[in-house]
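Undergrad: Go ahead and model the full structure; you've got the sequences and the hints to work with.
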Amino acid sequence: ETGVTQTPRHLVMGMTNKKSLKCEQHLGHNAMYWYKQSAKKPLELMFVYSLEERVENNSVPSRFSPECPNSSHLFLHLHTLQPEDSALYLCASSQGRTNTGELFFGEGSRLTVL
Amino acid sequence: SQKIEQNSEALNIQEGKTATLTCNYTNYSPAYLQWYRQDPGRGPVFLLLIRENEKEKRKERLKVTFDTTLKQSLFHITASQPADSATYLCALVLSGGYQKVTFGTGTKLQVIP
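Going down the list, the sequences are from chains A and B. Using my numbering, read the first sequence as starting at 4 and increasing by one per residue. Using my numbering, read the second sequence as starting at 12 and increasing by one per residue.
These aren't lab readings, by the way, just hints derived from the structure by calculation. C-beta: ideal position from N, C-alpha, C; glycine also. Take these hints with a grain of salt, some might be off.
As the list claims (entries may be wrong) - One-sided and incomplete, this derived list gives chain A residues near chain B with beta-carbon spacing under 7 Å:
| id | residue |
| --- | --- |
| 1 | A42 |
| 2 | E70 |
| 3 | L106 |
| 4 | G111 |
What the hints assert, rightly or not - Below, simulated PhoX-like cross-link-like pairs (lysine-lysine); rule was C-alpha separation at most 25 Å, straight line:
| id | chain 1 | residue 1 | chain 2 | residue 2 |
| --- | --- | --- | --- | --- |
| 5 | A | K39 | B | K70 |
| 6 | B | K70 | A | K43 |
| 7 | B | K14 | A | K44 |
As the list claims (entries may be wrong) - If you want a taste of the chain B side facing chain A, the calculated C-beta under 7 Å gives, among others:
| id | residue |
| --- | --- |
| 8 | Y39 |
| 9 | P51 |
| 10 | L59 |
| 11 | P93 |
TA: Now the structure itself:
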């Protein structure tokens, strides 16, 4: 079982759909992250949860809505997306405050918005 | 404005040679600098970390240097192998209530047999 698991691995949705991405970490970490990776661009930090509290929201459009019900699970709820939102969405976890920031990533969810 | 730049989008190197990748940053004061490897369609994997007060770090065939005056890190892979072909990402860690990790665009390394 990998440390950080993301589902689904691939998702195709229309602009009017509502879907969710799921992330689960089995590492006992207390911080979880959503990053967006588009072609030719650096990973963009979207949201950070530390001890289940959202501590970072990088001016992300409201059509992306994160949820962190506990320290092991992270969701990204998607609604009325645009084609430019098509990207690889990566979840990561880390040990949080006492750590040097080493991130453990999942394999990503490849999202295509039609 | 803040920037993290990796020297080239792509780098081709002959097997057995040393690959050197560069990471430059502006308007940051990182506590740590990290390097990750990313294979196509996969999430990045952490390789090495170097602290602001360290000059050099080694791990097997990997070596990282960190010059806070030049605001630059160099990442070396010695005796490169085709299996080293991947995209390598530089990342800065800014201390705070939690560790905020900011990435460069990456350099795609191709090791030619």
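Undergrad: Need the list of violated hint numbers for this structure, in ascending order.
TA: 1, 2, 5, 6, 8, 9, 10 and 11
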